[in-house]
Amino acid sequence: MDNIAGTKSSLNWAVHISVVLLVVLWIFPTVGLFVSSFRTADQISTSGWWKALFPSEQSLTLRAADPDDFAVQQADGTWVVSGNLFEGGTEAEISRWGSSSREISAYAAGEAADLGDGESFAVEANGDYVWSSVDQPSGRGQRVFVTAVTPPEFTLENYDTVLGQGVVQSLLVYIVAAVIVGTVAGFSARSLRPDHTRSAVIVFGFGSLILLSVIFGLGTGQGGGQASDDMAKAFFNTLTVTIPATIIPITIAAFAAYALAWMDFPGRALLIAAIVGLLVVPLQLALIPLLRLHLEIGIGKGYLGVWLAHTGFGMPLAIYLLRNYMAGLPRDIIENARVDGATDFQIFTRIILPLSFPALASFAIFQFLWTWNDLLVALVFLIDSSGNTTVMTRQIVELLGTRGGNWEILATAAFVSISVPLIVFFAMQKYLVRGLLAGSVK
Amino acid sequence: MSPALQGLITIFIGVGGCLAYFYGSNIFLDKVLFPAKGIHAGRNINRANMVRPWLFLMPALLALGLYLAYPVVETFRLSLSERLPGGASQYVGFDNYRRMFAEDKFWEAMRNNLLWLLIVPAAATALGLLVAQLTDRIKWGSFAKSLIFMPMAISFVGAAVIFKLIYDARPADQNQIGILNALWLQFDGGFGSVLILRVLPALMFAGFAAVVGYAAYLVGRPIVKPAAHVVEGIALKLLRVVGAVLLSWVAVLSALNVIDSATLAMPYGEQQTWLTIPFWNNFFLMVVLIWIQTGFAMVILSAALRGIPEDTIEAAIIDGANPFQIFFKIKVPQIMNTIVVVWTTITIVVLKVFDIVFAMTNGQWETQVLANYMYDKLFRSNDWGVGSASAMIIMLLVTPILVWNVYNARKEMR
Numbered sequence: 002m003d004n005i006a007g008t009k010s011s012l013n014w015a016v017h018i019s020v021v022l023l024v025v026l027w028i029f030p031t032v033g034l035f036v037s038s039f040r041t042a043d044q045i046s047t048s049g050w051w052k053a054l055f056p057s058e059q060s061l062t063l064r065a066a067d068p069d070d071f072a073v074q075q076a077d078g079t080w081v082v083s084g085n086l087f088e089g090g091t092e093a094e095i096s097r098w099g100s101s102s103r104e105i106s107a108y109a110a111g112e113a114a115d116l117g118d119g120e121s122f123a124v125e126a127n128g129d130y131v132w133s134s135v136d137q138p139s140g141r142g143q144r145v146f147v148t149a150v151t152p153p154e155f156t157l158e159n160y161d162t163v164l165g166q167g168v169v170q171s172l173l174v175y176i177v178a179a180v181i182v183g184t185v186a187g188f189s190a191r192s193l194r195p196d197h198t199r200s201a202v203i204v205f206g207f208g209s210l211i212l213l214s215v216i217f218g219l220g221t222g223q224g225g226g227q228a229s230d231d232m233a234k235a236f237f238n239t240l241t242v243t244i245p246a247t248i249i250p251i252t253i254a255a256f257a258a259y260a261l262a263w264m265d266f267p268g269r270a271l272l273i274a275a276i277v278g279l280l281v282v283p284l285q286l287a288l289i290p291l292l293r294l295h296l297e298i299g300i301g302k303g304y305l306g307v308w309l310a311h312t313g314f315g316m317p318l319a320i321y322l323l324r325n326y327m328a329g330l331p332r333d334i335i336e337n338a339r340v341d342g343a344t345d346f347q348i349f350t351r352i353i354l355p356l357s358f359p360a361l362a363s364f365a366i367f368q369f370l371w372t373w374n375d376l377l378v379a380l381v382f383l384i385d386s387s388g389n390t391t392v393m394t395r396q397i398v399e400l401l402g403t404r405g406g407n408w409e410i411l412a413t414a415a416f417v418s419i420s421v422p423l424i425v426f427f428a429m430q431k432y433l434v435r436g437l438l439a440g441s442v443k
Numbered sequence: 046m047s048p049a050l051q052g053l054i055t056i057f058i059g060v061g062g063c064l065a066y067f068y069g070s071n072i073f074l075d076k077v078l079f080p081a082k083g084i085h086a087g088r089n090i091n092r093a094n095m096v097r098p099w100l101f102l103m104p105a106l107l108a109l110g111l112y113l114a115y116p117v118v119e120t121f122r123l124s125l126s127e128r129l130p131g132g133a134s135q136y137v138g139f140d141n142y143r144r145m146f147a148e149d150k151f152w153e154a155m156r157n158n159l160l161w162l163l164i165v166p167a168a169a170t171a172l173g174l175l176v177a178q179l180t181d182r183i184k185w186g187s188f189a190k191s192l193i194f195m196p197m198a199i200s201f202v203g204a205a206v207i208f209k210l211i212y213d214a215r216p217a218d219q220n221q222i223g224i225l226n227a228l229w230l231q232f233d234g235g236f237g238s239v240l241i242l243r244v245l246p247a248l249m250f251a252g253f254a255a256v257v258g259y260a261a262y263l264v265g266r267p268i269v270k271p272a273a274h275v276v277e278g279i280a281l282k283l284l285r286v287v288g289a290v291l292l293s294w295v296a297v298l299s300a301l302n303v304i305d306s307a308t309l310a311m312p313y314g315e316q317q318t319w320l321t322i323p324f325w326n327n328f329f330l331m332v333v334l335i336w337i338q339t340g341f342a343m344v345i346l347s348a349a350l351r352g353i354p355e356d357t358i359e360a361a362i363i364d365g366a367n368p369f370q371i372f373f374k375i376k377v378p379q380i381m382n383t384i385v386v387v388w389t390t391i392t393i394v395v396l397k398v399f400d401i402v403f404a405m406t407n408g409q410w411e412t413q414v415l416a417n418y419m420y421d422k423l424f425r426s427n428d429w430g431v432g433s434a435s436a437m438i439i440m441l442l443v444t445p446i447l448v449w450n451v452y453n454a455r456k457e458m459r
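As they're listed, the protein sequences go chains V and P.
Residues 2 to 443 (this note's numbering) are what the first sequence spells out, left to right.
Residues 46 to 459 (this note's numbering) are what the second sequence spells out, left to right.
Simulated from the structure, these hints should not be mistaken for laboratory data.
Note that the coordinates shown come from a computational prediction; the quantities given were computed from them, not determined experimentally.
Zero decoy hints are in this set.
Partial list, derived from the structure: chain V residues whose beta carbon lies under 7 Å from chain P:
{"#": "1", "residue": "Ser-48"}
{"#": "2", "residue": "Leu-376"}
{"#": "3", "residue": "Val-398"}
By construction, the Cβ of each residue, glycine as well, lies at the ideal position given by its N, Cα and C atoms.
With these hints in hand, go ahead and build the complete structure from the sequences.
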């Protein structure tokens, strides 16, 4: 905007650089979590994630093959076990190695070491080793400590552990399939009903995604242990909390917003002021009284309680947003409809509701993000001592406590929980911004 | 019954029930109660139109009343009473408050909340304004904005995990996997360390002190030297005095920090467990919320910047103003209202902050805040009296903003 008068600011390059710096600073933490979720526990605990993209030097503990099975007697009577230390595993470039845990870098690659008792051991840079002994060796294979440069390596193992075997892989395949089906549907719809192209893409895309998941299942259905069972369950619990808690308040608030925007009755201004006031009432106040109420009338802790609570807590923002939007709709349309004999109910459902779609979408995103990310309401109104109804945020806090050191599980679980809001965010950012602008400028 | 199925049925019953209620009650009103025919047709239509708004509003008002208005009253009542064994309760006056005020943990929470209140809204708004202004004039600005806006979608708990990874500390003989410690170990007390860890913070504190001091001067000046043609009410004057005193206090505090940060002995070359360093760990927690809220501030302020009439800026350019003058003297005054809105909105978020502290330190190492203190009292110590009392304190802190918002909304409606 400073260029209006025709001057090009000389600070332009500085602006570009500082924006780049800010953006990098802002996404850096999230990228860290994302990268960490693709690394093994060993990699995470031995090097920072920012080194994961480059070859890294690691200390590994490897073992030679079992001499009982693999020792071969040579012509001169000595026994030799040979092979590669990295057999079946990753490839790496060994720089130093050692045979005892106290001296892990005693020898350079290519050197041979005398282990005593007539045994000697030699390791090459690529991991090939020769272990020769005068007597027949027995017991387990010789342990070798190596310092090796390993190429960057990423794994989906963590997702298998957290979500269950093969869930991510099958999801990825289904998404690709869904995109293809959606595109084809879009093209065919364009030739038949040009105005329905977008909805055809969405309906067919999501339809095929759900259909594929139902028919073929997600992954092999085998969990990867405790963490997987809990996290997958928590994912569906969160979904169960979120969807009704998003849809029900919209329905209720839309009617109220219409009444506040387009119907004249005494006390309307007072009500609107009250709703603006209730917007900022901290929900902390509601915890004890409502928990008591829920326990007294028999709802107890459970889904019904949390749905009701979210409906109540989301109501002021919903009414406020929708009323502001509806009040801005052109008066002519509504008055024409009235003159034509439409009842208020008809005006609302046939005219106002379709026109208010952007505001409805804005609020839906807010409420979705808020309920998905919520911890406090779920802790108080939902999660009972049985732990069957735990949600993802709670599960992650639990992991932070019990597995504070298991970064691979923690990072993956956290990333799974934030991936859904992130997808919603990037897909519907337009509506979110609109809602923010309408909702906060008081 | 599986919860997913239960959820589907709830959606169906909830939405269907609402629609049925609205449709049915309208039909009932028009056809049965006040039918628009017969001798009283006109009167009936009028009556029906008087009742109808309340039909539309009823479910929403029920939800609002039961889940937001009633709890305020009930919590106040609970904060004045004590639970007796057997479920009954007894009125004890302000006993709960007295007990709470006698607790160190409460004052620690108050102090921390005050710190949060001072720093997070200021930092988030300032950074948001900075980003909004910088991205305003570059081509890839909207892309940059959406990346900085992204943390808004991330839950506080998710953000807590992300930042725990950043603050992670490993024993001295291992590689550090937390970026902050990895960076910290790069400092050894040499020239670079002095520049970045002493000079830079000292400059930042000095700059902050200058800005706050200037703000105090701006707020306080009209008391000493009133403008010629403006008459201010006594309430506004009082507000000015309080504001000026508070701001100058903050300015003095941050000026003192200049000396502190320049002379502080720093343990170079040792890994730090950042979240356990008393006092400073509060700042490490605040960073998480600033990281999240900057995007919010940016989006709103960016829209406000776009809304500034271009001719004011053009006029300034023609008069020879430089970019900084344009920003501080032309743009910022015009979006002052929006800045206040952003500030108050973030202030409310800060007052309710719970998840971040709960997930990262759970109030240990002197990081307690009011909301977590309250949760502690309610569900760990089972002390509903003190819990309610602390909830009332949060309410009390929110009240000025509540009144201000309502006042503005009423003004706008007229």
